[in-house]
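Chains as they are written, first to last, in the numbering used here: chain A, 1 to 236; chain B, 237 to 420; chain C, 421 to 991; chain D, 992 to 1169.
Don't read these hints as lab results, they were simulated from the structure.
Careful, some of the hints might be misleading.
As the list claims (entries may be wrong) - Cross-link-like lysine to aspartate or glutamate pairs, in silico, EDC-like; alpha carbons within 16 Å at most:
hint: 1; chain 1: B; residue 1: 287; chain 2: B; residue 2: 306
hint: 2; chain 1: C; residue 1: 676; chain 2: C; residue 2: 556
hint: 3; chain 1: D; residue 1: 1160; chain 2: D; residue 2: 1138
hint: 4; chain 1: A; residue 1: 197; chain 2: A; residue 2: 139
hint: 5; chain 1: C; residue 1: 610; chain 2: C; residue 2: 470
hint: 6; chain 1: C; residue 1: 516; chain 2: C; residue 2: 556
hint: 7; chain 1: A; residue 1: 197; chain 2: A; residue 2: 220
hint: 8; chain 1: C; residue 1: 516; chain 2: C; residue 2: 535
hint: 9; chain 1: B; residue 1: 244; chain 2: B; residue 2: 292
hint: 10; chain 1: C; residue 1: 923; chain 2: A; residue 2: 53
hint: 11; chain 1: A; residue 1: 197; chain 2: A; residue 2: 39
hint: 12; chain 1: A; residue 1: 59; chain 2: C; residue 2: 682
hint: 13; chain 1: A; residue 1: 117; chain 2: B; residue 2: 413
hint: 14; chain 1: A; residue 1: 209; chain 2: A; residue 2: 194
hint: 15; chain 1: D; residue 1: 1099; chain 2: D; residue 2: 1148
hint: 16; chain 1: A; residue 1: 188; chain 2: D; residue 2: 1044
hint: 17; chain 1: A; residue 1: 117; chain 2: B; residue 2: 414
hint: 18; chain 1: C; residue 1: 863; chain 2: D; residue 2: 1096
Unchecked claim - Between beta-carbon pairs, the in silico distance windows are:
hint: 19; chain 1: C; residue 1: 943; chain 2: A; residue 2: 59; range: 15 to 23 Å
hint: 20; chain 1: C; residue 1: 913; chain 2: D; residue 2: 1144; range: 21 to 29 Å
hint: 21; chain 1: C; residue 1: 535; chain 2: D; residue 2: 1147; range: 32 to 40 Å
hint: 22; chain 1: C; residue 1: 588; chain 2: A; residue 2: 17; range: 48 to 56 Å
By construction, the Cβ of each residue, glycine as well, lies at the ideal position given by its N, Cα and C atoms.
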Amino acid sequence: MSVVTLYINDRLVSGRVGQTLLKVARENGIEIPTLCYLEGLEPWGGCRLCMVEVEGQGKLQAACLTEAREGLAVHTDSERLLAWRRMIVELLLAERNHTCAVCVVNGHCELQALAAKLGVDHVRYDYLHPALAMDVSQERFGLDHNRCILCTRCVRTCSEIEGACTWAISGRGITSRVTADLDRPWGKSTTCTDCGKCVQMCPTGALYKKGATVGEMVREKTHLQQVMERRQRSGK
Amino acid sequence: MTVVSARKLRLATVWLGGCSGCHMSLLDLDERLMELQTKVDLVYGPLVDAKEFPREVDVTLVEGAVANVDHLELLETIRGHSAILVSLGDCAVTGNVTALRNGGKVSDLLTTIYRAGPGRSPVGPEAVQALPALLPKVLPLHHVVDVDAFIPGCPPDSERIWAALGALLRGEPVALEENQRTFG
Amino acid sequence: MNQQRLQERVRQLREQQSTNPCRVLVCCSSPCLSAGAGAVKSALEAVAAEHSGRVSVEVTATGCLGPCSRGPLVTVRRPGHADAVYERMTPELAGKILAGHLTETPPADNLLPADLPFLARQTRIVLENCGRIDPENLDHYLAADGYAALARALHDFSPEGVCAAVEQSGLRGRGGGGYPTGLKWQLLRKAAGQRKFVVANGDEGDPGAFMDRALMESDPHRIIEGMAIAGYATGAAQGYVYVRGEYPMAARRMHKAIRDAERAGLLGMRILDSPFSFRIDVRLGAGAFVCGEETALMASIMGRRGQPVPRPPYPAEHGLWGEPTVINNVETFGNIPPIIRNGPEQLAAIGTGRSRGTKIFALCGEVIENGLIEVPMGTTLREIVFAIGGGIPGGAAFKAAQTGGPSGGCIAAQHLDASMDYENLQALGSIMGSGGLIIMSEKTCMVDVARFFMDFCMDESCGKCSPCRAGTVQMYRFLDRVSNGSATERGLVHLEELCRLMKETSLCGLGASAPNPVLSTLRYFRDEYLAHIREHRCPAGVCRMTEVPVTLLADELMQRIAAGRLDGEAF
Amino acid sequence: MEARPVLPDAITAHVDDPRRRLVDQTLKRFQYRPDALIEVLHVAQGAYGFLGEELLSHIACQLNIPESQILGVATFYHAFALRPRGEHCCIVCTGTACYVKGGGEIVKALEAAYGIQAGQTTPDGRVSLGTARCLGTCSQAPLLMIDNTALGHEVVEGIAGRVAAALGKSSSGREPGS
């Protein structure tokens, strides 16, 4: 396993060949914000929060998808990048109904925490306030489209880890929606195995455990890594 | 706009389309209210029986979103007479619960509650003599006027308010810590 | 069929065509058909049948000749006479004209002047066969030097030689990107990988652009020949033509041309008895502008949602099913046969700076002569609009020309003398794009145009990345506010910030270029934006300013309620 | 790849339906390869007029693609409809050239005339009013299509009358809501 060395924020760091910039940065204690990325899942590259500047490349690169190569000079926290990240969080907060005060995961939401971290204390764009449905037909879990940020973690978890391929994104653009099978209510899905992995992976309050109080809505994010490691070890 | 700290700071608090939770959180300052009143003159607000919004106010804390025509006009007046306008609480900052009605139409809302529902008050054009007309959409303050500082939270706990007021009293911009600027 | 029998057959066809006393070419491309060319053709066939005893007349349905707004067009071609092109044909008039020609007394009504600037001032290389051959007849294409380039490439050129010739010609991607085609092919030729693919991008999602449709409908074999040469040069054995969903006739003609070519041994297994085999399948688009972007196009060919993936890795390394793939626009493939047939010097000699060769433009909008034109790179906008296009109808003033569709920008009057090439258009804040050229007069409001394109991008965004999915909606809402009168200047600052955000962080070209129409209208027509916001007035009189900014909303609402209107929803 | 086993329940009842045979022939022609999904959906949409849930489920089973991804593709592209369309289709082109020459006004006039929004179908299922990004005949701008006949160089005045006349003449050859 050959090593690759590069500069991140003018600091010499090293990582293994094939690792992404995000992984190398995080292994060296450099924090890059992400929402759609999750350790153990195939990177999606949709939320664009992990964009970084790479010297010699005109365009910004998504750290979760860009391979670390020898001798790169990467900057992860320039003023411009922080401004873009704040604006992306503002766009996400305005896109659907993220009313934290009355949300089932108030205090345990990655979007809420990221907004505070980046200093988004108000949203300058028009709130779209789309009238979106909720799906509580599933026995143990609920799906609230108002809180969904289309990060597709649930879609990837269901197809890559559980293999049931229940969830998929249907529609296009701003009208995209997470749907089960042929847009069936979750409770009537013929492929869902009720495993609840997607609920564990959801960054916001879109997928939640019914009956849990706000305080109990702590999700287990490293659960996925252990499943994947055990799977590798068992040689599957 | 630095505030001259020699004389007492003229402070006003206003309550638009909100639930007064933020004002109660302001009162949760408890003993620190004593220290506050040595530095501040409260010139307008639900706790003061001034009828008109006074001129030359240094700092105004505005709670609640802009939900009707009266709020809109009062907010314009506040902006005109206040040096620093602060959005206090999620309703003022994001529209929060008050803005939950934005998904639908005002006419449907009035019909559901008053024409077909249990509501007692008058409906249609004559209603406007008694009640201020509802805006088509509830708006956060900074979508209407320029806002100088934001204190998110529903309600923002008294620590955040104290930290913000401290900065304002020292004439510095409000810069809340990461854990003090979460919504919800 | 091998090369000798191909040349033998071409000689036969030419000889047979020269002896033919009278040929009538009826333009049956989509615009002319919708203007009634079908009835015209049957009327001509009836007259031809009447005179069949005395003289044999061949009535042929052809592709697009170019001046579509003068359709339906009929060309009468008789040996020893110049071609006579008639415009705005009706069945009766066409019959009368043909009868006149057959009795040596050709009438002059509706006759187009021989030196009509629209046709005379063009340099037709890619469009040389368009409107002159029957697109569904292989023989017509063979008679016009068809497949000679392929035969020559297989016989006289090595794959490296073909790539070198294309590189030497200076040909760049005609889809709008402008990436040197020769370089792209070299990348694919050198790429490892057993299965390589050649893809012709005929998605043409730009509204107001119809060059690729006209080329696919009028000269499908040319594209097939170009793709086969690309396959030979890069070592690919499979090609796909991605035809836009809204072009059923183009898809039908491509299918037919592929079957005819395979039956004639010019495509499929062992082309012209050489060891080279190349298959082509047609893939029909289904209505998604984003599928014009190459990685989304590949996803669509693989039967998936047309959502782009980041590059690198570029398709030349990791394309269809992970195998190396080259993707070129249909018009780019149209340029290949002449390069091999006449040598790269011909193309390299035309054009300015690094933009070599000719470009096809779809000239439409507020201009007298609407239609398809092919002009050398570097032609000025003034010549296209006024010399070729005949100026603005009703003598109205030229205001702007929009190029590149929703990813492009507008060129204002002060740049009428700008030369149309890749670098210059980019400097003016627009892009070459696929070639849609929409002319706008004083009657058009530029804010409304920016709103129209943002509405398009908002609707066509694939929704994968948040800056584009949510950004286009916010930009559209603000532009909608400007045109309905409820915008404030603070919003203008946010708009420009959003433009930069999308340009820098969007995942693909759609999001990165969606702000271009806004930025270019702001650059040249900022006064119109300010007139809408500050003076609540639309200079062009297009926008209905029915709403008011939030500061005036209070008394506006009171008036509406007093007038019994409770529909204050717009704000 | 050999043909998928056909499910025993209601699906087999469709075997004699000519439209189903057309879809199955297309599936066989593409050797049941998953990448043929869009081509199969085109044939299915052409045969049935819209993509019903049962039809999509059958295609998903035959191509061995999860049903959720089939819906993802069917709802991504503009050309596919999941609900029955009207007997006649009136598509108004709102490409740039048509828009600049008044296409937007024509859409508003027809929306008023038929009392529906673009993209909807009249309650009696007779006419579906839609808009298209660009039909590629910009020189005839502004243009609209009634089923397969085109009305080029149109103007707003009296447009509803001309559309009604064209609807009367044209037969789209498909019974409504099939």
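#### Entry: 16 Å limit on alpha-carbon distance, applied to hinted pair residue 923/C and residue 53/A
The given pair, whose Cα atoms are some 14 Å apart, holds under the 16 Å limit.
### Task
Measure nothing beyond the straight line between the CA atoms of residue 610/C and residue 470/C; if it is 16 Å or shorter, mark the hint as holding.
The hint is violated at about 61 Å.
### Message
Holds or violated: residue 197/A and residue 220/A, Cα atoms, limit 16 Å.
### Response
holds, 9 Å
### Query
Given the hint that residue 188/A pairs with residue 1044/D, does the C-alpha gap stay at or below 16 Å?
Between residue 188/A and residue 1044/D the Cα gap is close to 14 Å, so the pair holds against 16 Å.
### Query
If you draw a straight line from the CA of residue 287/B to the CA of residue 306/B, is it 16 Å or shorter?
holds, 14 Å
### Query
Is it true that the CA of residue 516/C sits at most 16 Å from the CA of residue 556/C?
violated, 27 Å
### Task
Below or equal to 16 Å on CA atoms is what counts here, so check residue 516/C against residue 535/C.
Answer violated: residue 516/C to residue 535/C is near 24 Å, above 16 Å.
### Query
If you check the beta carbons of residue 588/C and residue 17/A, does the distance land in 48 to 56 Å?
violated, 38 Å
### Message
Quick check on a hinted range of 15 to 23 Å for residue 943/C and residue 59/A, using CB atoms only.
### Response
holds, 22 Å
### Task
Decide if the proposed pair is consistent with the structure: residue 197/A and residue 39/A, CA atoms, cutoff 16 Å inclusive.
holds, 14 Å
### Query
Is the Cα-Cα distance between residue 59/A and residue 682/C 16 Å or less?
Given pair residue 59/A, residue 682/C is violated - Cα atoms ~44 Å apart, limit 16 Å.
### Satisfaction of the hinted span 32 to 40 Å by the C-beta atoms belonging to residue 535/C and residue 1147/D
This hint holds: roughly 37 Å between Cβ atoms.
In this structure, the earlier hints numbered 5, 6, 8, 12, 20, 22 are contradicted, and the remaining ones agree with it.
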